[in-house]
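A.B. asks: The primary structure of each chain is shown beneath.
Protein chains: 2
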Amino acid sequence: MSEYKRLHRTLVHQGKITTTYTDRMLLPNGREADWDFIGHHGAAAMVAENEEGKILMVTQYRNALERYTLEIPAGGINPEESMMDAAVREVEEETGYQVENVEHLVDIYTTVAFCNEKIGIYYGKATKKKKQQLDEDEFVEVKAYELTELLEMIQTGKIQDSKTISGILAYYNFVKKKQ
Amino acid sequence: MSEYKRLHRTLVHQGKITTTYTDRMLLPNGREADWDFIGHHGAAAMVAENEEGKILMVTQYRNALERYTLEIPAGGINPEESMMDAAVREVEEETGYQVENVEHLVDIYTTVAFCNEKIGIYYGKATKKKKQQLDEDEFVEVKAYELTELLEMIQTGKIQDSKTISGILAYYNFVKKKQ
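From first to last, the protein sequence lines stand for chains R and C.
Going left to right, the first sequence walks through residues 1 to 179 as our numbering numbers them.
Going left to right, the second sequence walks through residues 180 to 358 as our numbering numbers them.
By construction, these hints were calculated from the structure, which means they are not laboratory data.
Since the structure is predicted, the reported quantities are computational estimates derived from the model, not experimental observations.
Every residue, glycine too, gets a C-beta built ideally from N, C-alpha and C.
Worth double-checking, as some hints may not be accurate.
To be verified - Partial selection, computed: residues in chain R whose CB lies under 7 angstroms from chain C:
| # | residue |
| --- | --- |
| 1 | His8 |
| 2 | Val12 |
| 3 | Asp23 |
| 4 | Leu26 |
| 5 | Leu65 |
| 6 | Tyr109 |
| 7 | Phe114 |
| 8 | Cys115 |
| 9 | Glu152 |
| 10 | Phe174 |
| 11 | Lys178 |
Unchecked claim - Dumping the calculated DSS-like pairs for lysine-lysine here, alpha-carbon to alpha-carbon at most 27 angstroms:
| # | chain 1 | residue 1 | chain 2 | residue 2 |
| --- | --- | --- | --- | --- |
| 12 | R | Lys176 | C | Lys355 |
| 13 | R | Lys158 | C | Lys184 |
| 14 | R | Lys5 | C | Lys337 |
| 15 | C | Lys233 | R | Lys177 |
| 16 | R | Lys118 | C | Lys297 |
| 17 | C | Lys357 | R | Lys177 |
| 18 | C | Lys233 | R | Lys178 |
| 19 | C | Lys355 | R | Lys54 |
Stated by the list, open to error - Derived DEER-like restraints, expressed as beta-carbon distance ranges:
| # | chain 1 | residue 1 | chain 2 | residue 2 | range |
| --- | --- | --- | --- | --- | --- |
| 20 | R | Glu103 | C | Arg210 | 34 to 42 angstroms |
| 21 | C | Val321 | R | Thr156 | 26 to 34 angstroms |
| 22 | C | Thr201 | R | Leu147 | 22 to 30 angstroms |
| 23 | R | Asn29 | C | His220 | 19 to 27 angstroms |
| 24 | R | Glu146 | C | Thr327 | 22 to 30 angstroms |
| 25 | C | Asn352 | R | Glu141 | 44 to 52 angstroms |
| 26 | R | Thr148 | C | Leu326 | 30 to 38 angstroms |
Turn these sequences into a full structure, and let the hints steer you where they fit.
C.D. replies: Rendered as structure tokens:
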């Protein structure tokens, strides 16, 4: 393998959930180059199946895409919280459902070319319904879908969020087919 | 649906492949908040099957993760180039293989919470082997894998790149099973 070395990391901007840096890299060919690096503290997501066998999905406004998107419940990780606990808490907050029998599904790195964001994706059974407890800048609509509907929505491009595609397809191939 | 409105977008930093902004948002509850926005021009990727029925994969160093990762071939889109042409070109540059019978598979948004990066993922047949033509800061190792090996590497966490997980699982479920 060729060897890369980071010579410097320069902080450019501290955002709300991301930090922008410029990394000065020494390349295997001996030359130097500046590469972008966006730091992120990671997130957690959950494929939560309700008692009817449907998957809980949330619709929310995504400013980055300037539209609403259909996604599995997900959110950031609080200080000293495990990824699994964060995933369970986010489902409760966003959908009102408690989740039990939680298992790890896959971890994804969302965009490896410039960002270290890792999303831990879990699956579990959504049981007792409580009440949505959203953050003050969060407005989310909840609906449950059959897994077959979600597969079709991925195939036809109605779902395009990478954590949702990865989570739903991994759940279908690695969990449901084994049951 | 609740209404969100972007009041201002402030340029913070122009990077090499990303642009960092702060967006001032008017939330449905009437309050204002600053949200991060990372602009990106998009990328293209390819699930390329060779004449032995194996999938071409590349290993490269990812500074953001500080390690080597196993991925499907991918890269940025040149000005006035279509996503499909970019995917074909990236496979040729990174692996040396020409790709034919190219079809669209899925588009993914890598990380919708703060970034507009879209990756168009295609599939095709890798045929004639030519020669790798890498960018001057690009060093890539190429190897072909059985689809079943790749599925197992996703399930066991050896592959964690979101475009690769989305692309391989979509190819398995939406293309191979229909053949």
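A.B. asks: Take the hints in turn and mark each one as holding or not.
C.D. replies: Verification of the supplied hints:
1. His8: With a minimum Cβ separation of about 12 angstroms from chain C (threshold 7 angstroms), the hint on His8/R is violated.
2. Val12: 5 angstroms, holds
3. Asp23: 6 angstroms, holds
4. Leu26: This interface hint is violated because 10 angstroms lies over the 7 angstroms limit.
5. Leu65: 6 angstroms, holds
6. Tyr109: 5 angstroms, holds
7. Phe114: With Cβ-Cβ at 6 angstroms, under 7 angstroms, it holds.
8. Cys115: 6 angstroms, holds
9. Glu152: 10 angstroms, violated
10. Phe174: 5 angstroms, holds
11. Lys178: Violated, about 10 angstroms.
12. Lys176/R to Lys355/C: 19 angstroms, holds
13. Lys158/R to Lys184/C: 23 angstroms, holds
14. Lys5/R to Lys337/C: Holds, because 23 angstroms separates the two Cα atoms, which is no more than 27 angstroms.
15. Lys233/C to Lys177/R: 23 angstroms, holds
16. Lys118/R to Lys297/C: At roughly 18 angstroms apart (the allowed maximum being 27 angstroms), Lys297/C and Lys118/R satisfy the hint.
17. Lys357/C to Lys177/R: 17 angstroms, holds
18. Lys233/C to Lys178/R: 25 angstroms, holds
19. Lys355/C to Lys54/R: 26 angstroms, holds
20. Glu103/R to Arg210/C: 34 to 42 angstroms: 38 angstroms, holds
21. Val321/C to Thr156/R: 26 to 34 angstroms: 32 angstroms, holds
22. Thr201/C to Leu147/R: 22 to 30 angstroms: 39 angstroms, violated
23. Asn29/R to His220/C: 19 to 27 angstroms: At roughly 25 angstroms between Cβ atoms, His220/C and Asn29/R fall inside 19 to 27 angstroms, so the hint holds.
24. Glu146/R to Thr327/C: 22 to 30 angstroms: The hinted range 22 to 30 angstroms holds for Glu146/R and Thr327/C, with Cβ atoms some 27 angstroms apart.
25. Asn352/C to Glu141/R: 44 to 52 angstroms: 27 angstroms, violated
26. Thr148/R to Leu326/C: 30 to 38 angstroms: For Leu326/C against Thr148/R, whose Cβ atoms are near 22 angstroms apart, the range 30 to 38 angstroms is violated.
Checked against the numbered hints given earlier, this structure breaks hints 1, 4, 9, 11, 22, 25, 26; the rest are met.
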